[in-house]
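**Q** Protein sequence lines correspond, in order, to chains A, B and C.
Each residue of the first sequence is one higher than the one before, counting from 1 in this note's numbering.
Each residue of the second sequence is one higher than the one before, counting from 1001 in this note's numbering.
Each residue of the third sequence is one higher than the one before, counting from 2001 in this note's numbering.
Because the hints were derived from the structure by calculation, they are not lab data.
What you were told as hints is all true, and nothing was included just to trick you.
Computed footprint of chain C on chain A, listed as stretches where at least three residues anywhere in the stretch have a Cβ under 8 Å from a Cβ of chain C: (1) 73–80; (2) 158–170.
Some chain B residues near chain A, calculated using beta-carbon distances under 8 Å: (3) L1016; (4) V1081; (5) W1105; (6) P1169; (7) L1170; (8) A1177.
Backbone N, C-alpha and C define an ideal beta-carbon position, used for all residues, glycine too.
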Amino acid sequence: MWTVVTVSELGSVTKLLDKQAIYEVVLRYCRGVDRLDIELVRSAYHPGAVDHHVGFEGNIDEYAAWLERVLAKLDGTMHLVGNHYVEFVDDDRAISETYVIATHWGTPSDDGLINFTGGGRYVDVMERRNGVWAIAERWAVQEWSRSDAGTVTMPRVPGARGSRDNTDPLHQVLARARRTK
Amino acid sequence: MWTVVTVSELGSVTKLLDKQAIYEVVLRYCRGVDRLDIELVRSAYHPGAVDHHVGFEGNIDEYAAWLERVLAKLDGTMHLVGNHYVEFVDDDRAISETYVIATHWGTPSDDGLINFTGGGRYVDVMERRNGVWAIAERWAVQEWSRSDAGTVTMPRVPGARGSRDNTDPLHQVLARARRTK
Amino acid sequence: MWTVVTVSELGSVTKLLDKQAIYEVVLRYCRGVDRLDIELVRSAYHPGAVDHHVGFEGNIDEYAAWLERVLAKLDGTMHLVGNHYVEFVDDDRAISETYVIATHWGTPSDDGLINFTGGGRYVDVMERRNGVWAIAERWAVQEWSRSDAGTVTMPRVPGARGSRDNTDPLHQVLARARRTK
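Throw the hints in and build the complete structure from the sequences for me.
**A** Here it is as structure tokens:
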């Protein structure tokens, strides 16, 4: 059956697809950090993109190197994001705000400098270049920080655990799915 | 190329656009509270809307006044939302449930009445009036509350900070984007 | 007005609808657990689906029975999800990763085994069978766990409270909406 789509509706759908693409850029950043996949982190940025981070200022190349050093001091991180709000400046540029709760853990577990949870927001200038949305400039805005010294523990019950290498369940499941495709 | 869109698919897409519009109503509410932008909070409600909040019952005018007084006692808040689930009652009315983790901080930092994190849900009757989705009635449902007395600190490292005025990075970036449009 | 929709755009929209359907499967799971609605939990899985959970391995029938016993020891739970990332294997199969912060509380409130917050990820093999997306296999991946012993309290201020029976505001509002439809 043929049906009528108004130009206004079509425009909205196009923007919905753009918002989803931009959301997935933010998710790839988080997955890259949490799985210690620096190349995935880089893929969330355009070449030459600028990052204003907590304790860091520089371009994506410098940021990737800095991030790798910082993450090496920790046993793991989890960057849970919500509140993804996109405002378009023009067809190929948008300001994207995303709320984040970032949990960091390390050894020893009573050290509050490596065992803490931080709340903040990613304020991103997102641009579409050659059809691909990615970060052109990012501000990691700090809101609060809470020490988890002595209270965060690794789970004691059996079951799947997150890791930063290919033994992580996500990688295992994706690899198996590709083999059985 | 012309293509065929079934009525069923088109209906689903329309609902997807509605869900996104409703999600952004919830996000504007959160941004309004966290940036201390009471007019933005109001814009998430229809005129005459009713709010059943923690420690408050009344219409949106009364709620906005109450909220402003409560927020003035705090140094900042962060309302991170997830689990946005919409059920349509008819074309222009929906029940929207959203999970929220709300972090509150204030001075002095060892006062648990102004330094706490609460978990809950927004149960909203959303209505579309004159083409605009907004809250007609809201229940802020409490689940749990955790004292953060003495554990939540402001970040000590350099970098962008959230604020409740126009110096917040979001406002700065949006203003710059509009100037360079 | 007639307009042109390219096959590529239509394909993207179809995938967007699939992602939303898969997201809502995850949300129904969370709502089912948190509202103690075991049938709703079951509806998120295909018959015979496998669950690899924290401290559990088995099929959905066994999981539902195990879950009911575990939840009975607690006064309440809240499973807030973010970072929903879907990768399609083929038209009817996808790997879905979802981040979760799960808060658990119980009596007495100083018992850290029933008062804790856990961070993790749901890694799901999602399949569409007879037009319905649901979980075929799930890994609940553990990341971190934090004791909330003695710090999580039930809210002391008046207002709507979450519950695990039909008095929960969500059920009340949904029932009222259906009556006035």
